[in-house]
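S.K.: Kindly generate the complete structure, drawing on both the sequences and the hints.
Sequence order for the protein chains is A and B.
In terms of the working numbering, the first sequence opens at residue 1 and continues consecutively.
In terms of the working numbering, the second sequence opens at residue 1001 and continues consecutively.
In case anyone wonders, no lab produced these hints; they're calculated from the structure.
Check before you lean on any hint, since a few could be wrong.
Here chain A is said to cover these stretches of chain B; the calculated rule only asks that three of the stretch's residues, wherever they fall, bring their Cβ under 8 Å from a Cβ of chain A [said to hold, decoys possible]:
1) 1090 to 1101
2) 1139 to 1153
3) 1212 to 1224
4) 1278 to 1292
Predicted, not measured: the structure shown is a model, and the values here were computed from it.
The beta carbon of each residue, even a glycine, is placed where N, CA and C say it ideally should be.
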Amino acid sequence: MTARTLIAAASALALFAGPALGADGSLKIGMITTLSGPGAGLGIDIRDGFQLALQHLGGSLGGLKTEVVEADDQQKPDVAVGLTNRMVERDRVDLVTGVVWSNLALAMMPTLANAKTFFISPNAGPSQLAGAQCNPYFFNVAWQNDTIHEAVGQHVQERGFKKVYLMAPNYPAGKDALAGFRRYYKGGVAGEVYTQVGQLDYAAELAQIKAAQPDAVYVFYPGGMGINFIKQFDQAGLKGNVPLFGPGFSFDQDILAAVGDAALGVRNSAQWSPDMDSAANKRFVADFKAKHNRLPSMYASQGYDAALLIDAAIKATGGKLDDKDALRAAFKTAKFDSVRGEGFRFNNNHYPIQNVYLREVVKGADGTVTNKTVGTAFTNHADAFAKDCAMK
Amino acid sequence: MDTLLIAEQALNGLQFGVMLFLMAAGLTLVFGIMDLINLAHGSFYMVGAYLTAAFVGVFDHFLLALLAAVALTALVGLAVEWTALRSFYRRDHLDQVLATFGLILFFNELARIIWGPVPIFLNPPAALAGTVNLFGLQYPAIRLAILGVGVAVALLLWLLIARTRVGMLIRAGATNREMVMALGVDVRLLFSLVFALGAGLAGLAGAMAGPVLAVQVGMGEQILILTFVVIVIGGIGSVRGALAGALLVGMVDTLGRATLPALFRLFLDPAAANGAGGAAASMAIYVLMALVLAIRPRGLFPAG
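M.R.: Rendered as structure tokens:
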């Protein structure tokens, strides 16, 4: 037998084996996320949040014994697409989740849609998949990217700031961030600066900010860029003189642990905060901290909620995974005890309608720098792209 | 732009250049003398930053932590040279690139296992946390400290290389290795010393940069690219070239970011200028490198 016939034979066997596996009451989930490189903190938090929910649910989602196949996308779209093909064809997973980055999610979507495999995004919420290219096999359990920026825009507008300095990295999500902010902030702009992705030193930009004398600064810098910027903003003597605002991504637990006091007092926005007062959230935060010896980030909360959503939907179909329309309807109407509290439901484009909260960076009783909820920016907020989506 | 702002931006450029010099000096020494391309130089920078953060937790004293971290990073460098790189001196550059790339992966995973995936905390010592008044200019104290340390290191390196016996051997080794060996000098020992010195310098750069930048896995690779630009511009193997290249890159990068977006606004509409100016500023140092290479293909101060 030649190698080619062997492969053909093996593939044929796999085809027969596939459906049989699904029917024995087990669930296989592909967790494609970023586990190495500078972005690994986010992917690891999503994975750990998801695993904690699975543990809370006794290792089963929707009554089906659940196996999670983990894979590292290295934050590279080509690697993510390769892994998606592998998950669909070889591992024959029932669902895919885990993705952190919007550009990766967009690259993975065609493969998953063709294979009729549901894609539950615990983070990436690109505007494309929310609008005209919305997809029946895509659900986002976190937010549409712009939403978080819109919330701060609204807050800064309400506070009456007139001259805001805007900064973001020079890539699509950076431009979307500032566009989202300006959808609700209508005042003047003292400067709009796009810096290189991964930039280390911000001394030149900080000197320009000082010279422009804005009455507030809004920045979108996730991950390491955020740490660089916040430290240098503080060291330049700007903290305390000019109020700094940002989305939750720039001031979440992954960044706060590294910058400490330098971020104290900053107002930011998110759909969740570690101090939220629900039984579900208290259990999540306490158990995450006990298990991993660090506070969960918003990414961890989204991973946790992704598992709860899958659990609720499969429970509603009675453990049946084959009827895709029934499963989709179950996802759409799933009721689960989200750690972000009441008010979460899916819009027609499979993105959340939810509350977005204002948070302030504070020092907790034990000296940990963390976020505290200080208000609600949006109640039952839907994204700006849902009207372009043809799905009902 | 008023004079104060121009002065501040020039100081920023100088300071960034000096930080790059701390990285570039070690890399260019190792390459010039040992003919070894060491991609893992950035890993020593990361090790220096992580160790400083760890030692600050132990000693609660920044300077002590920094000294301990630099010494330990030099030892780590020595260990790497002994165990992994010694057999690669006679191999071609591609083999060296592969081997040292492997070391990058090794050190990144090691840091993740020891310190976890999330960036860790490292702030300047209290004395350097605020700003200093320089003739009416409020300048961050930590950046002045980096500037001072960088200038001191440049002077010490010059003294070491130009005025001591070891320095003479280093210069001789860079010019003609075979002849130095033939004269009975223990080149293996010399190489080990140079490699440890390079690792120590990278560790110092990491320790000084740690309070200003994110201390995280992969931080070494971000600065390594800039460091390679610096030594290519300066002339590979020349410490003088590394200094000139680092200052040039620091200045061009900082002033480019400070002025190009405003320049583009003169003849483009604001939305397009903001994007194009930012993009042009991030290309400036690579344009500089291309220009230098077109005029002087071996860099500004070629060694040997």
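S.K.: Look at each hint and say if it fits the structure.
M.R.: Now for the hints, and whether the structure bears them out:
Interface restraint, the region 1090 to 1101 of chain B with chain A: violated (0 residues with C-beta to C-beta distance below 8 Å; minimum three). Counting residues of the region 1139 to 1153 of chain B whose beta-carbon sits less than 8 Å from any beta-carbon of chain A gives 4, enough to reach three: the coverage restraint holds. For a cut-off of 8 Å, the count of residues in the region 1212 to 1224 of chain B with a CB near a CB of chain A stands at 10, and the three-residue condition holds. Only when three residues or more bring their CB closer than 8 Å to a CB of chain A does the claim for the region 1278 to 1292 of chain B stand; here the count is 4, and the claim holds.
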